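Please construct the entire structure, taking both the sequences and the accompanying hints into account.
Number of protein chains: 2
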Amino acid sequence: MFEDRSQKKQRTEISSLGEFGLIRELTKNLSIKNNKNILGSGDDAAIANYSDEQTLVSTEIFTEKVHFDLSYTPLKHLGYKLVVAGVSDIYAMNGTPSQVLIGLGLSNRFSLEAVQELYEGIEAACTHYQIDLTGGDITSSAVGLVISITALGHAKEEDIVRRNGAQENDLILTTGDLGAAYLGLLLLEREKKVFEANPEMQPELNKFDYLLKRQLKPDIHFVLLNELREKGVKPTSMIDISDGLASDIMHITHASKKGCRIYEEKIPIDAESIQLSEEFNLNPVTVALNGGEDYELLFTVKAIDYEKIKTITGIQVIGHITSEGSGDHLVTTDERLIELSAPGWIKAYENNNGEEHK
Amino acid sequence: MFEDRSQKKQRTEISSLGEFGLIRELTKNLSIKNNKNILGSGDDAAIANYSDEQTLVSTEIFTEKVHFDLSYTPLKHLGYKLVVAGVSDIYAMNGTPSQVLIGLGLSNRFSLEAVQELYEGIEAACTHYQIDLTGGDITSSAVGLVISITALGHAKEEDIVRRNGAQENDLILTTGDLGAAYLGLLLLEREKKVFEANPEMQPELNKFDYLLKRQLKPDIHFVLLNELREKGVKPTSMIDISDGLASDIMHITHASKKGCRIYEEKIPIDAESIQLSEEFNLNPVTVALNGGEDYELLFTVKAIDYEKIKTITGIQVIGHITSEGSGDHLVTTDERLIELSAPGWIKAYENNNGEEHK
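Same order as they appear, the protein sequences are chains W and L.
Numbered as in this note's numbering, the first sequence ends at 358 without a single skipped number.
Numbered as in this note's numbering, the second sequence ends at 358 without a single skipped number.
These are calculated hints, taken from the structure and not from any lab test.
These numbers come from a predicted model, not from an experiment.
Misleading hints may appear alongside valid ones.
Subject to a maximum C-alpha distance of 30 Å in a straight line, what follows is the list of computed DSSO-like cross-link-like pairs (lysine-lysine) [as the list claims (entries may be wrong)]: (1) L:K28 with W:K257; (2) L:K76 with W:K65; (3) L:K28 with W:K156; (4) L:K33 with L:K65; (5) W:K257 with L:K302; (6) W:K156 with L:K156; (7) L:K234 with L:K33; (8) L:K213 with W:K28; (9) L:K156 with L:K33; (10) W:K33 with L:K156; (11) L:K192 with L:K234; (12) W:K65 with W:K213; (13) L:K234 with L:K207; (14) W:K266 with W:K302; (15) W:K156 with L:K33; (16) W:K33 with W:K65; (17) L:K28 with L:K156; (18) L:K28 with W:K28; (19) W:K65 with L:K65; (20) W:K76 with L:K65; (21) W:K33 with L:K308; (22) L:K217 with L:K65.
So this is what it looks like as structure tokens:
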């Protein structure tokens, strides 16, 4: 980490391959593994057959320096995480992902080997989630790396869970724990600064393996959705936590025209998260509420269904849905009510100096 | 054109809206119009139902300064053209497009009004092609504008046309005429330089309305696909001409493991294209072969089908498929054979200085 990798590795200029050579190189080992997919890359469009199920589709776009810093993000991890971000939206509809398409804008800073490393990560995630990389687009970019990911999936009509179905008194649950990915990012940023100030200094990272994994190579607890199905419980609403718990529960309550109460003491936070929050003098609950990139599933179920699912490990009740107009609140351990707010990416946007300010 | 539009218009900072405010503003008038679409924007994923048909999906990525120059490209036209680029891939499979998703990376140079102008163009194209904008992603970008477009469509299994079905002696046809979009670009680049050298100078553009339209607001001759169907003719292979006739016919011949002969005298070239080629001292056939961005449909049919379709106006036989290993050739008017080559975007890539060379 942080070392100059260009010294150690072969570097093949993309210009020596040509566009079509690059695409051939990257796709030569791709074969269709998911039985919903009929044709992957190599034509104008990919072909899929969802027969009697409905098609789910979602797209996201990631830009260098805003979403990722390549000085501490291995390209392989970045590729993996992109796929996770894509399929997360499909699971959040209670669907099953089947394919992703990648759009890549590359500056000439990137060699074939760099792009191959990115694709290795993409393919590792595709294998993990049993989906195919079915195509995409590669082009040049005047500045840095830009990546779009489109995920497709499918679900029976009656299984699809939207954001707008939460009812008053429904329980709010989350998978996993929250805030860890953001703390992993803070840790990497801190060690980057230390390294820049003194390149002899070894980064102190191994105390926080879990946080780093959550930032660099997150995974989705989709198996828990299968467990819910097995117990005969269908969530009334669902979303993936990408912007942060506060923003994402409010997406549910706004779409459902309801309010919510989240209980501070119920929010699952890992021990490493608490420890590193202390080092940074941050409140771990604030981090869990606003950190984002957790890729946990946030969902609501009818209160009556709780008995059926309370034995499932890895999910946690964190609050309940309240009536329309009652607002979105955090209930603190000392029983104060604090109104939730949803910052979204706008903070990053304001801090982004862009080309106008260089 | 070329004027500083920021003087005339209201400017609302995106930071004053927040991410979710921006998305609400842009999507407030969106409603589903295409009956294949069940849910558009507002959830984790869009939902579509292609019932007994197959799903087609394609994605592309466009970056500022590589694919478009905002000094002479109105954002509304850019939005329109993006959708055309997306649906073009669906038509090229002989499918029917039904929805697009847009990913947007914005630097803080862009105001709400600028993004709204882009969306007006996107929506105008969606109306023209009877499709829905069903979602996407908006984020910040450290530098400039980055746009990804994903198009979905559908087709009956038996109607889908791939690139790999061309057989020896099949005729090669194209819709419309070729080279005009690239010449429109050269014209805009020339007038931009004139304007930069002397802002008093009025650009000389009106002589070449058709070329400008082909560059700034292209459309697809998809109606011709319906005419082929009505005549009972299914192409044996098809692609859209986005890289240029030479590259794209070679995509077909490589996928089909065949060769081809294209006849110079048969390539359809508009009178404006010939006139401007002369001004630039370019061979209009070279421009037609390598210009790109034509968004015409290039396809092959069995020779026996020619009788059925020869009365269709707007399509033109330009050559035929030859045996494997015979190569891809242009036959010039004086009957010389010239081997075709496929430059792709690599030329632009090599000319792109990127952030390393600033």
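In rising order, the numbers of the hints this structure does not comply with: Those not satisfied are hints 4, 5, 8, 11, 13, 16, 17, 18 and 21.
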